[in-house]
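A.B. asks: So the chains spell out like this:
Protein chains: 2
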Amino acid sequence: MTTSNATHDPQLRSWVASANQAGCDFPIQNLPFGRFRPAGSAEAFRIGVAIGDQVLDLKATGLIHTDDMNVLMAKAPAERQALRAAISAGLTEGSAEAGEWAKLLLAQSAVEMTVPCRIGDYTDFYTSVHHATTIGKQFRPDNPLLPNYKWVPIGYHGRSSSIGVSGSSFKRPRGQTKAPDAEVPSLGPSKRLDYELELGWFIGQGNAQGDAIDMDRAESHLFGVALFNDWSARDIQGWEYQPLGPFLSKNFASTLSPWMVTMEALAPFRAPFERASGDPQPLPYLDSSANRAQGALSITLEVLLQTAKMREAGEAPVRLSGTNTTRAAYWTPAQLVAHHTVNGCNLQPGDLLGSGTLSGPNADEAGSLMELTGNGKQPVVLPNGERRSFLEDGDTLILRGWCEREGAVRIGLGEVSGTVEAAG
Amino acid sequence: MTTSNATHDPQLRSWVASANQAGCDFPIQNLPFGRFRPAGSAEAFRIGVAIGDQVLDLKATGLIHTDDMNVLMAKAPAERQALRAAISAGLTEGSAEAGEWAKLLLAQSAVEMTVPCRIGDYTDFYTSVHHATTIGKQFRPDNPLLPNYKWVPIGYHGRSSSIGVSGSSFKRPRGQTKAPDAEVPSLGPSKRLDYELELGWFIGQGNAQGDAIDMDRAESHLFGVALFNDWSARDIQGWEYQPLGPFLSKNFASTLSPWMVTMEALAPFRAPFERASGDPQPLPYLDSSANRAQGALSITLEVLLQTAKMREAGEAPVRLSGTNTTRAAYWTPAQLVAHHTVNGCNLQPGDLLGSGTLSGPNADEAGSLMELTGNGKQPVVLPNGERRSFLEDGDTLILRGWCEREGAVRIGLGEVSGTVEAAG
Numbered sequence: 001m002t003t004s005n006a007t008h009d010p011q012l013r014s015w016v017a018s019a020n021q022a023g024c025d026f027p028i029q030n031l032p033f034g035r036f037r038p039a040g041s042a043e044a045f046r047i048g049v050a051i052g053d054q055v056l057d058l059k060a061t062g063l064i065h066t067d068d069m070n071v072l073m074a075k076a077p078a079e080r081q082a083l084r085a086a087i088s089a090g091l092t093e094g095s096a097e098a099g100e101w102a103k104l105l106l107a108q109s110a111v112e113m114t115v116p117c118r119i120g121d122y123t124d125f126y127t128s129v130h131h132a133t134t135i136g137k138q139f140r141p142d143n144p145l146l147p148n149y150k151w152v153p154i155g156y157h158g159r160s161s162s163i164g165v166s167g168s169s170f171k172r173p174r175g176q177t178k179a180p181d182a183e184v185p186s187l188g189p190s191k192r193l194d195y196e197l198e199l200g201w202f203i204g205q206g207n208a209q210g211d212a213i214d215m216d217r218a219e220s221h222l223f224g225v226a227l228f229n230d231w232s233a234r235d236i237q238g239w240e241y242q243p244l245g246p247f248l249s250k251n252f253a254s255t256l257s258p259w260m261v262t263m264e265a266l267a268p269f270r271a272p273f274e275r276a277s278g279d280p281q282p283l284p285y286l287d288s289s290a291n292r293a294q295g296a297l298s299i300t301l302e303v304l305l306q307t308a309k310m311r312e313a314g315e316a317p318v319r320l321s322g323t324n325t326t327r328a329a330y331w332t333p334a335q336l337v338a339h340h341t342v343n344g345c346n347l348q349p350g351d352l353l354g355s356g357t358l359s360g361p362n363a364d365e366a367g368s369l370m371e372l373t374g375n376g377k378q379p380v381v382l383p384n385g386e387r388r389s390f391l392e393d394g395d396t397l398i399l400r401g402w403c404e405r406e407g408a409v410r411i412g413l414g415e416v417s418g419t420v421e422a423a424g
Numbered sequence: 001m002t003t004s005n006a007t008h009d010p011q012l013r014s015w016v017a018s019a020n021q022a023g024c025d026f027p028i029q030n031l032p033f034g035r036f037r038p039a040g041s042a043e044a045f046r047i048g049v050a051i052g053d054q055v056l057d058l059k060a061t062g063l064i065h066t067d068d069m070n071v072l073m074a075k076a077p078a079e080r081q082a083l084r085a086a087i088s089a090g091l092t093e094g095s096a097e098a099g100e101w102a103k104l105l106l107a108q109s110a111v112e113m114t115v116p117c118r119i120g121d122y123t124d125f126y127t128s129v130h131h132a133t134t135i136g137k138q139f140r141p142d143n144p145l146l147p148n149y150k151w152v153p154i155g156y157h158g159r160s161s162s163i164g165v166s167g168s169s170f171k172r173p174r175g176q177t178k179a180p181d182a183e184v185p186s187l188g189p190s191k192r193l194d195y196e197l198e199l200g201w202f203i204g205q206g207n208a209q210g211d212a213i214d215m216d217r218a219e220s221h222l223f224g225v226a227l228f229n230d231w232s233a234r235d236i237q238g239w240e241y242q243p244l245g246p247f248l249s250k251n252f253a254s255t256l257s258p259w260m261v262t263m264e265a266l267a268p269f270r271a272p273f274e275r276a277s278g279d280p281q282p283l284p285y286l287d288s289s290a291n292r293a294q295g296a297l298s299i300t301l302e303v304l305l306q307t308a309k310m311r312e313a314g315e316a317p318v319r320l321s322g323t324n325t326t327r328a329a330y331w332t333p334a335q336l337v338a339h340h341t342v343n344g345c346n347l348q349p350g351d352l353l354g355s356g357t358l359s360g361p362n363a364d365e366a367g368s369l370m371e372l373t374g375n376g377k378q379p380v381v382l383p384n385g386e387r388r389s390f391l392e393d394g395d396t397l398i399l400r401g402w403c404e405r406e407g408a409v410r411i412g413l414g415e416v417s418g419t420v421e422a423a424g
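Listed in order, the protein sequences are those of chains A and B. Sequential numbering of the first sequence, starting at 1, is according to my numbering. Sequential numbering of the second sequence, starting at 1, is according to my numbering.
The following block holds chain A by itself, in its conformation from the complex (with noise of 0.2 Å):
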């Protein structure tokens, strides 16, 4: 990825004071692109970039000419790293621009965001091989790992129309489940309701349908990344799967975080993208000098949870669990490119790419509860005595996720949090 170093200088401050405190997600380093509205409004949503507690109206400022973010992300690399510094230039501290920006600012808090774009298509992939492994273990104990995980970047389409942005509730899907001792199955609200820790990575520019992306240029069509929660009812997944692929387990809801954060902001956080021993080498489609070297993305994520009880005595989300991407993914965001197109599929701007549950390789790595707990049967204890095997009504499940190395300013994702109703 080249882009312009000034942007991420970590001497870099804004005159906007909160994107100058440590631990800030959006300081002038981050940049990261959401739809917003003044909330209780009716308007139309409208392009923002995140600066510290602040949103900027972006076309107001006159460096774009849309409301549609599916258009800004459409354009080459170089006019979006040319808008990120003209964005950078203007929020710097002492900008000509800061007196009339100034007035394009809203408070975070004052405003509505939605799901960052439109999403045409949306695929989720399967990159965690210790997810991958803990999960086949209770699906097919004794055949794990299938044979194609390390050679194929395991994907499947999911469902665009009920993603929702973080913040959003959704009733406790009901389904067909069987019982293994059940004769017949039964309709019902799932008893296994879960999350997945996922990160989701946004198409810019597209491809021609027949025109596959090879590994030098998949990063480039790549726009940027938000936090995913791919909830899953377990129940009805292990009835409805064979042979087509999970369908009503997953599609009634997604949540996404509303920020996207640049591959332009993540740049200074690459890290290399190693194989065990033992593991192949990717096919050469797969494959890159870029890519061994730098082909892989530090984030760290964590995931958290706060019950009605919780909520409702005041106390704050506990922590679950939590990875790094370098330790969860087996395959980095170009070979999801490469790989999703190798046979001409067409990719739009704004389509989503989830990451799969980032599962690490300890236990408390784990990106779900069907991991944590070992699909059910030993409980997670919480710190006021409640305990869950699976999610319960009125649970909040909050996802984080932030990029930090010495010599660089921490940038973060936000988060994305949302809420199971009881069944409708």
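One should not assume that every hint holds.
Note that the list lumps identical chains together, so a pair holds whenever it fits in one copy or between two copies.
Below, a list of computed lysine-lysine pairs in the BS3-like style, where the Cα atoms sit at most 27 Å apart [what the hints assert, rightly or not]:
1. LYS103 with LYS191
2. LYS137 with LYS178
3. LYS178 with LYS150
4. LYS59 with LYS103
5. LYS191 with LYS150
6. LYS137 with LYS377
7. LYS103 with LYS137
8. LYS309 with LYS171
9. LYS191 with LYS377
10. LYS377 with LYS75
Source of the hints: derived by calculation from the structure; they are not laboratory data.
Place chain B on chain A using the hints.
C.D. replies: Frame of chain A, contents of chain B only:
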């Protein structure tokens, strides 16, 4: 489906002479919707109604005020039916509109069609138990029909971006495959490229997230149907599909016929929904008295092939197989809608529900080459001596469909054709 019988009256004749010819797909009793523009123009596509060999420019009649098919599809059934009645009245022999509307016709041979609406999400089902059993034998000889099949209308999400309209061609997909005797997989053009004979059901009015659509209302959420070819690369599918289902083996291309035949037009061709003795009764959420009495629709389907050699020799396409939906489909369209939403998943106007490959019980009713040729082992021999195990470059595959019964005027779905190009 309540609808005015007047629009099906077999005595009804149109002032568009070609619509009154025996065997015409688009008599006045049909009136399907599509999107057209003058061939060779760069105009925006507009909404048209097929009548005989002509297209009526619907907005120009003043009956609608939009160019957006999805807006029209979102209308309540009563509004749709009123629109149908008005179109029918205007096109009827002796109508007051005949003079004006005659100026609003374009020959179908002089227009370019596109996919009939904006498809947000595309779901593919697996409704033929014969297809599921035959394919199941090839992927899982010991376990062809899984225990869930007769309880769950099996479905999975597909790719919207790569759905094209009749007349499209596409490059043979490349992909990862692994021969049983190979140590490692390799990348190359698919050697087992196949078609799938399907119907595509379009959603009209959608539902809010969290609100299931029950059986009694399910069919009112369907707008109509088109022919659908879900091209499939069997060798890629075999290696990639476990555990999350088909992905790159399907998403390189699918092809739709241009005209949506409405539920109102299909009304005379209803048929009882029957279960063979020994088959379980559907769970209550998939059952209704209306579904039992008249839940199925009788649509006759056939598959034709024209190879490059045949095309060069001026030889017409040859018929490979054919069946009827009542022989092929284990689930009705209403059951697909009720199942899809039982978990609260929201459907939107323009969403597409594929039927899955419609194969009847007999060998010559198979809806794919994989079935017709016993997974390539018994090639089809064409009249000119060519053989086909799977599709070859230059092959054009054509699906046709129509409804007929005594006492009703035959209506057609037209056709969908698509051509395989060499891998890029």
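A.B. asks: How do LYS309 and LYS171 come out at 27 Å by Cα distance, when the copy is not named: within, between, both, or neither?
C.D. replies: Within. Shortest intra-copy distance 18 Å satisfies the 27 Å Cα cut-off; inter-copy 57 Å does not.
A.B. asks: Classify it for me, LYS191 with LYS150: is the Cα-Cα distance of at most 27 Å met within a copy, between copies, both or neither?
C.D. replies: between (32 Å within a copy, 23 Å between copies)
A.B. asks: Regarding LYS191 and LYS377, is the shortest C-alpha distance of 27 Å or less found within a copy, between copies, in both, or in neither?
C.D. replies: within (13 Å within a copy, 46 Å between copies)
A.B. asks: At most 27 Å between alpha carbons: which applies to LYS59 and LYS103, within, between, both or neither?
C.D. replies: Result: close within a single copy only, 13 Å intra versus 45 Å inter.
A.B. asks: When Cα atoms must be at most 27 Å apart, do LYS137 and LYS178 count as within-copy, between-copy, both, or neither?
C.D. replies: both (19 Å within a copy, 24 Å between copies)
A.B. asks: At 27 Å max between alpha carbons, let me know whether LYS137 reaches LYS377 within a copy, between copies, both or neither.
C.D. replies: within (14 Å within a copy, 36 Å between copies)
A.B. asks: How do LYS178 and LYS150 come out at 27 Å by Cα distance, when the copy is not named: within, between, both, or neither?
C.D. replies: So LYS178 and LYS150 pass the 27 Å test across copies only (13 Å; inside, 32 Å).
A.B. asks: Is it within, between, both or neither when you check LYS103 against LYS191 at 27 Å Cα-Cα?
C.D. replies: neither (50 Å within a copy, 62 Å between copies)
A.B. asks: When no copy is specified for LYS377 and LYS75, does a C-alpha distance of 27 Å or less occur within a copy, between copies, both, or neither?
C.D. replies: neither (49 Å within a copy, 49 Å between copies)
A.B. asks: Could you figure out if LYS103 and LYS137 sit no more than 27 Å apart (CA to CA) within one copy, between two copies, both or neither?
C.D. replies: Close neither inside one copy (56 Å) nor across copies (67 Å); limit 27 Å.
Violated hints, listed in ascending order, are 1, 7 and 10; each of the other numbered hints is respected by the structure.
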